[in-house]
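**Q** Here are the chains, one letter per residue:
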Amino acid sequence: MTTTTLTYAGKRRRQALTTLAFLSPWIIGFAAFFAYPLASTVYFSFMHYNQINPPTFVGLRNWKYVFTEYPLFAPALWNTLWLVVVMVTLRVVFGLGIGMLVTKVKTGVGFFRTAFYLPYLAPPVAATIGFVFLLNPGTGPVNRILGALGINAPNWFNDPSWSKPALTVLALWGIGDLMVIFMAALLDVPKEQYEAASLDGAGAVSRFRHITLPNISPIIMFAVITGVIQTLQYFTQPTVAGNLASGQLSAPGTMVPPGYPDNSTLTLPQLVFTLGFQNFNTGAASVIALVLFAVAMAFTLLLMRRRSGLLTED
Amino acid sequence: MTDARRRAALAWIGTHALGVAAALFFVLPFVFLLLTSVMSDSQALTSNLWPTSWHWGNYAQVFHTPGFLTWWRNTVIYAVVGTVLCLASAIPVAYALAKFRFRGRRTAMVLVVSAMMLPPQVIVIPMYLVWAQQFHLAGTLWPIIIPLAFGDAYSIFLLRQFLLTIPDEYIESAKIDGCGELRALLRIVVPMAKPGIAAVGLFQFFYCWNDYFGPKVYAASNPAWWTLSLGLESFRGAHHTNWNLTMAATLLVMAPVIIVFFFAQKAFVEGVTLTGVKG
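From first to last, the protein sequence lines stand for chains A and B. Quick note on UniProt numbering: the first sequence kicks off at 1 and runs consecutively. Quick note on UniProt numbering: the second sequence kicks off at 1 and runs consecutively.
Quick caveat, the hints were computed from the structure, so don't treat them as lab data. Check before you lean on any hint, since a few could be wrong.
Every beta carbon over 10 Å from chain A, so not counted as near; a handful from chain B, in silico [unchecked claim]:
1. Gly-19
2. Pro-29
3. Val-113
4. Pro-120
5. Lys-194
6. Gly-201
7. Phe-263
The calculated lysine-lysine pairs, modelled on DSS-like cross-linking and capped at a C-alpha distance of 25 Å, are [what the hints assert, rightly or not]:
8. A:Lys-104 x A:Lys-191
9. A:Lys-104 x B:Lys-266
10. B:Lys-266 x B:Lys-194
11. B:Lys-99 x B:Lys-194
12. B:Lys-175 x B:Lys-266
13. B:Lys-194 x B:Lys-175
14. A:Lys-106 x A:Lys-191
15. A:Lys-106 x B:Lys-266
16. A:Lys-11 x B:Lys-175
17. A:Lys-11 x B:Lys-99
For glycine and all other residues, C-beta sits at the position ideal for the given N, C-alpha and C.
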């Protein structure tokens, strides 16, 4: 009797040790590259620290500085909000449209799918440099063509009111990830529902509203939430586009203030970089990092709570 | 009948006209980049769309840019070493999360998803300070390669989604034959999960290949460790009047990704659908 209980306990202990062994890389990684730096960011947000002299406690002064005095916080927050509302919405709508188009096309499906997907793979620095050239007001092909059509072309990356729309065009070009996700979702909608609706005389618009949309709404939610989270990390495209369009000859090691033109492409992640690595204002950078963290986690919780959540078992 | 057929024909024309219009939006940028990349230096300064003479030598000139091959080598090191380390550490973790029953499994998944969604900028300053002050590795790519040996959250999540689709019976029967968990993983699960592992490996490879933020933070100060992303950024500075050379370099950085895509299309699509749909 006792021996069986012992082996049972021993078995359980061995199973627990095996689990621990398999999980160990991630446990170490989580502690070293998530928990520690996060705690450290909280700590630095209450410190004055220029990365040379030891940190000194300053209470809420960094928080007050960022929210009430730091002049770049308001434009960066506004731009990030603009991108969340306009860019994410347009990406979801356009991605859904392209996904529907691909499921409807009958001839040359392979060509269309590849053509729509490829730009998504283009390395962001390369794609951004490409678009700064394509949209440049002087010799760019896009404005050349718009001009030939008699359209008064904007200055895109060189005009504060057109720089975010230009970034949006670039983001729409790389829609391939959403296209594939929507395509898979659209093909999963049961065909019988469409056939029944057609028999009832429902037109294309009403079929879309009453059958397609309800069926794919979880995927739309997924696309919106992950889109918002990606926008909170939006760094590469605005940095490269701003530097390049400003015409300053910048090497990666030289420090150029971001946001050209007129802070119109400045985003919150860029502020973390600028404050932390150019101004050595560790405290203020940490405050902005925590703002980003709070918003990202709020949207992550939304994502995990949705009906067909990320955590389902099958 | 003829009416229905005419409607079908019109629908076909409408759909395909839209398709061609959309295809132009996606393809024309590549075409213009290619055309500009082979223009002469002086023509690239004009707004001509079509090259008057074709200078394929521009591509050779890009390869002779000081540092270009170094950027290439560093990017390959980052992407290859990073992907291998990432897969080696993520596979056992994903397996445990998908197939082991243990207390706190759900909490562990919540933490994985949280780590996956964390903007890298949130933690970058303390991480930089540690790598620079304790390990003296600022100015290299090691601070972004080493963490990949400790189970990248995104790869763990995707692999776990894939491993859930492997029936438990295969693993059970392997254990009845006397396999331990590790043997069962290596002999049974890994071979069955090859498509998923390939997809996650490709994703990680291209994440590294395309990464700009990581190299910018850690390696921007040291050109010996620049990647293609950083080099390309400097390229326009060094060749500020030569859009043709900049476009040639841009296309050369895009090329490997596109070539690999054509060889591994299926794995890519598998990977993208894994992210969202199999929830």
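**Q** If a hint holds in the structure, say so; if it doesn't, say that too.
**A** Against the structure, the hints:
1. The claim that Gly-19 of chain B is not at the interface with chain A is violated, since a C-beta of that chain comes within 10 Å of its own (minimum 5 Å).
2. A beta-carbon of chain A is positioned within 10 Å of the beta-carbon of Pro-29 of chain B; the least distance is around 6 Å.
3. Annotated as non-interface, Val-113 of chain B brings its C-beta within 10 Å of a C-beta of chain A; the closest such distance is 6 Å.
4. Its closest Cβ contact with chain A, about 6 Å, brings Pro-120 of chain B to no more than 10 Å, contrary to its assignment away from the interface.
5. For Lys-194 of chain B, the requirement that its beta carbon stay farther than 10 Å from each beta carbon of chain A is met, with the minimum near 20 Å.
6. With a cut of 10 Å on Cβ distances, Gly-201 of chain B stays outside the contact zone with chain A, its closest approach being about 15 Å.
7. With a closest Cβ-Cβ approach of about 13 Å to chain A, Phe-263 of chain B is found to remain outside the 10 Å limit, as its non-interface label requires.
8. Proximity of Lys-104 of chain A to Lys-191 of chain A is assessed by CA-CA distance (about 13 Å); at most 25 Å being required, the pair is judged to hold.
9. Annotation: proposed proximity of Lys-104 of chain A to Lys-266 of chain B holds, straight-line Cα distance about 21 Å (limit 25 Å).
10. The suggested pairing of Lys-266 of chain B with Lys-194 of chain B holds, with an alpha-carbon distance near 12 Å, which does not exceed 25 Å.
11. Only pairs whose Cα atoms come within 25 Å are accepted, and Lys-99 of chain B paired with Lys-194 of chain B is accepted, the gap being roughly 17 Å.
12. Between Lys-175 of chain B and Lys-266 of chain B the CA atoms are separated by roughly 32 Å; this puts the pair beyond 25 Å, and the hint is violated.
13. Between Lys-194 of chain B and Lys-175 of chain B the CA atoms are separated by roughly 20 Å; this keeps the pair inside 25 Å, and the hint holds.
14. For the proposed pair Lys-106 of chain A and Lys-191 of chain A, the alpha carbon gap of about 17 Å is at most 25 Å, so the pair holds.
15. Only pairs whose Cα atoms come within 25 Å are accepted, and Lys-106 of chain A paired with Lys-266 of chain B is accepted, the gap being roughly 20 Å.
16. The suggested pairing of Lys-11 of chain A with Lys-175 of chain B holds, with an alpha-carbon distance near 14 Å, which does not exceed 25 Å.
17. At roughly 17 Å between alpha-carbon atoms, Lys-11 of chain A and Lys-99 of chain B fall within 25 Å of each other, so this suggested pair holds.
The earlier numbered hints that this structure contradicts are 1, 2, 3, 4, 12.
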